[in-house]
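Student: Those sequence lines, one after another, are chains D and P. Following this note's numbering, the numbering of the first sequence begins with 1 at its first residue and continues without gaps. Following this note's numbering, the numbering of the second sequence begins with 1 at its first residue and continues without gaps.
Please note that a few of the clues may not be correct.
No farther apart than 30 Å at their CA atoms in a straight line, the calculated lysine-lysine pairs in the DSS-like style are these [what the hints assert, rightly or not]: (1) K244(D) x K80(P); (2) K246(D) x K158(P); (3) K60(D) x K36(D); (4) K166(D) x K152(D); (5) K246(D) x K80(P); (6) K158(P) x K244(D); (7) K172(P) x K246(D); (8) K326(P) x K158(P).
If you are wondering where the hints come from, they were derived from the structure by calculation, not from laboratory data. From a predicted model like this one, the values you see are computed outputs, not experimental measurements.
Letter by letter, the chains look like this.
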Amino acid sequence: MFRYFVCFFALTCFSFLGYANDNHSDFREEQNLYGKIYNAPLGIVGNNKVSSVEELYNQKPLIIALVFTRCYGICNPFLLQLSENIKHLQSNSDFNILVISFDPRDNLQDMTNLSKQYGLENNLQWNFAITDSIDAFINSIGFIPKWDSVIKQFDHDALLVGVNEKGLITKNLLGIRIVEDVHKMISSINNVFTPSYRLPTKSNIFSCFNYDPKTQTNRPGLGLLFVALPAIITFLIVTIIVIKSKRTVS
Amino acid sequence: MNIDSLKLKKISALWIIVILVLFIASIVLGILMRLNQGKVIEQSPLTFYTNMTTHGLTMIGIWFAAGMVAVNYLLQRYVKTSYGVNLFAFILTVIGVVMLWVTTYAGKFSTGWTFLYPLPFRDLGSESWSTPLFLISLTILGVGWLVWSVSLMAQIFKKYTLAQAFAWQHFKSNPTVETPPFILITTVTLVGVIASLIAAVIVIVLYFAEYFSHGDFVNDALLMKNLIYFFGHTIANEMLYLGLAVIYEIFGEVSDRPKWKMTWYISLAWNCAMVFILTAFFHHLYMDFVQPQALQIVGQLASYLASIPSAAVTVFSIVAAVYGVKVRWSIVNLLFFLGVAGWVIGGLGAVIDATISNNIMLHNTLWVPAHFHTYNAMGNVLFSIGFFYWFSTQYVDKLVLSKLTKYTLTLLIVGGIGFLMAFYVAGANSIPRRYSTYPVELTSGPYLAKVGALFATIYLIAILIFFYNIAKRCFVILSASSR
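Bound-form chain P, shown alone (with noise of 0.2 Å):
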């Protein structure tokens, strides 16, 4: 094993357990605002929103730099990728993480994870120093992830052209160069987590400008809002697209199948995706009536053509890839598999969502969540625990589907499905979202709530186990020397 390819083994271990850890703690923080909401026990309303602020930003947090971690460490099968890079933004990841969970826990910042304006300038009972901590940590973390997106980029392109890496030759007939899904699917995903950061980067600037300008500056809502969304929307859906990158590289490759070679329609469904996913974010935005008409339209066709290709390709792909054939299951196949499946539940639900005749009945509704814990909790989690797995099993041990790994699987599914009812059920009872508290008149609520932290709590318990048999694995390679 040479030391650059342990590095980067080791490296990727680092993040899974850091990742990890991260994701059991923000998995509590999440079952005790539902016990909450229960009223089985009591939070104050500062501590419930502190709560939900430090649960959302750490999951889209990690989640998104578990995408990259699988992506970066394929990505060393088609290109040189550096791992100086790597290191720092693992060095900048921990430390603004750091510095958020100070923000929210000793600073009692509490905006929810949008910070929409002209929130982190209230007093919500936060500390005074807490908006600009978070501003700071928000711009450490995005330095952190903007670099090692820019530098995996300019790594593809030092090999691919730019129409190899977009796959543009597929268009025609018999390209002399085949791009592999997985470089066409970074590359695109890549362009819009740029874009996304940057989205953020404008926003930090412009909380900042106003922080120091005394009252001389004061921002636009509404650009704001489109600025959140732009980077928020975005980069929830970029990094299912990083998990999806990932299991068209080894989806096969563990199913004892070929692998996914390139075609026209996958190249056309990822250039389009790559499009609409950036405009799709405008849907969040249908209740705000001073943006043009126009605009909220394109965010519904958007919203409509960006889940479409990607998904039906992809959809297409995995079924025909095990339709009628002998696969060989293992605990990482069966975890992209339910995963997908996890990704297109939750894309139906947010594009009946992103409707505008139907937004006016979800809108702020506990469907929100619904949807979008569907396809991260039973979905983008699946891919990145499924690639983790791999990962960990791939230098130590065999992948083998064990009754143990079976009754692991049933309950993640069963605790999955059961949390997440209770959220679509209550959305289709127009039970808010983002109340610490219900009150008297929306007496299924708590009831939801409970049944909701009851089967996270079994999904808890599933996520545990994998987190064992994953860590342990991962400590192993982390002592590993180069001889």
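One chain only, chain D, in its complex shape (with noise of 0.2 Å):
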């Protein structure tokens, strides 16, 4: 019977275990930063000349958006949250943006006509672009896109990636973001150092402060208590060993 129990024990802990494996924190927007992008060769949106990634970062940082122009999904909104945040920001001429397609079937026609609808086609700040290494390009960047052959269309993230003038990816950001981030986004591309530290949510309940954004002061939180935990558990087993070892001494 204790056998049985045994097994039957172990195999729940272990497929707990491995059931708990697939489901912790995602960190994908931590993945291959500090790594260095594809200098991949460009065709740009109203430049004759052949360009490339390396040619671009050189002059400015870059921020990066990956759509491409049959998408029915998140690559409008993505696309227009970006200008939105651009046009918002106090000052944005440190650095360049540059839209690439990931889709073979992308022309340069279809990127101009992309260009036009957010009405960028004369913006120097802007670079619409394909290449003809994107396989190399998405892979140094580790966005990877999945072709639905049944709707024609990627399932893709929407994703930005920040690159500094050394062409080394310092941020990306998943999902259509705030101006906020897109400013920390900036700032990390011209090697600005920007302090962070996670806002308490409801999943993150011991947090050490608590920092109330409209009187901009830190609170202490419920992870100070933490912190002086240990000092307070010895002090209550002292205490128990004590009173017990004098009752056994009486």
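Now that you have both chains on their own, put them together as the hints suggest.
Tutor: In structure tokens form, the structure reads like this:
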């Protein structure tokens, strides 16, 4: 009986471990950080010469947005939000933006149409481009679009990649983000240190400090109690041992 | 020889053999890392960090255990200790260490010994099962050591009252009961050990909570770092204090000098050390801008206040014991004497780094491994090897200072100093720590790594000779019968 119990217990534990293993926090934004971006040759809208990613980041740090023109999903709201965010930045001259298609079907005319859709065709800060080395380029970023042959669409993330003047990826932003996040990315690609501390959420209940954005103050959180907990528990253990020892002696 | 005494000797001998075998294996890992940094061999970054994790955790574990073995053995002079708990801790330690090595070598777990959050959850090239197995191995080690520490403390309090165990009666003149310094230092140290192990338990519980919560529960990085250094910094220091307790107990004995008596200043120094050592870990968080400035200042003050009383009193006591008097020098008291010197030098290196204005320059440079290797490799290790020598020769042989012993000691000193100097010079030149290979800009990094590896090999040769001498006597003790 005991053997069966042990086997059952062990099996339960291992299956639980296996299940838990696949579900911990997602750190995809931190993948490929400080890796060198692939220097893909680029065909850029409005630029007759063939350029390259290196030529662009050598001029100014780059924000790269990965899209495709036949996208029915996230690409358009993603680009719209990015262009709005850039407009709202107080200083938006210390970087360039590269919108690159990862769909081999896209050509320069498709990208020209896309740029016109947002009224950015004459904006020198924005570079709408295609490349013939898209696989090597997206591999260096860790961006993996999946082709769905039924709906003829890519299943992909909305990914912004920040690249500094040395061609190193310094920050990734997944999803449609607010202007403050883009601002942090711009600081990052300009090699400005950005202090950051995760704000308390429902899933982060033992925070050492709780930041109040309204008053801009830090208040001690429950986590600070945990720092003192080892000393408190030790004090209790010593007290219990001393009391028990006294009783034994008496 | 009674059965209880023989059982304690046998389990102590077994501990010593296992500790020394693991020590030699860990030194080899350390040399491999320095050779890789020196570009003499080529390891993948994953192999390097796997070695670094195994090296760090094994070293911390075995030298903590070595201190506990020595203290447990000598405590028998004053109180009865539990053989069962000692054996329990041994079995759990062996299981924990085996699991740890499986985690690092089969599972490629490679976060470094501090396993800082969120590294165990990051994909660093390790197997997916390695994180839970790593946490389980730490749990097993922690349970074994916590039960052992609490058991020893309970035995002390069966004989001594709270005030006596902490030697508070010595604050008054002419105390009626004298507390041996060994009892005071052991009690003070066990308090710190228990606190640090409880911090480890909390960290493990929080890691498990996040692991099993499927993203519903996320840890606070600042809290985790505070707790990890509460555990890591405190236990690394407390294991030195375990070694000092041994010195207070047997230095006089092996030197033909009277045993140290308890005085008010010894009592005061160690009571202060107990309080300050529990808050000194804040100096590991100077670079964490979210930590309030007040805690950073507490960290700097506690770092000074924790080291000065115990170090000053111990150095004063040791110098007073040997200055201007005839001392019977043997390998044991020489190792103790050199160990105290290594502890003080490493401690000074630590205090330099714990000063906020210096930490800006030295943080995460090789200065950090320089100072902690000084008070471990040339401090705590010498305390423990001194005890191992004393323990093994006590029943089998006589303590003599032969020519071979002198040569071995010379090798140990030359190897140790050379190996540490390579770290210090590199640290002073801002060579970063924890780099598997150095970029071309850091030209002195590979050269100093090669120098370090060479001298570490000399140190290893000395340790191998010590191991041979100690282990052969321990095997005799293991095969002894009660008749």
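Student: Please list, smallest to largest, the hint numbers that this structure does not respect.
Tutor: Failing hints, ascending: 4 and 8.
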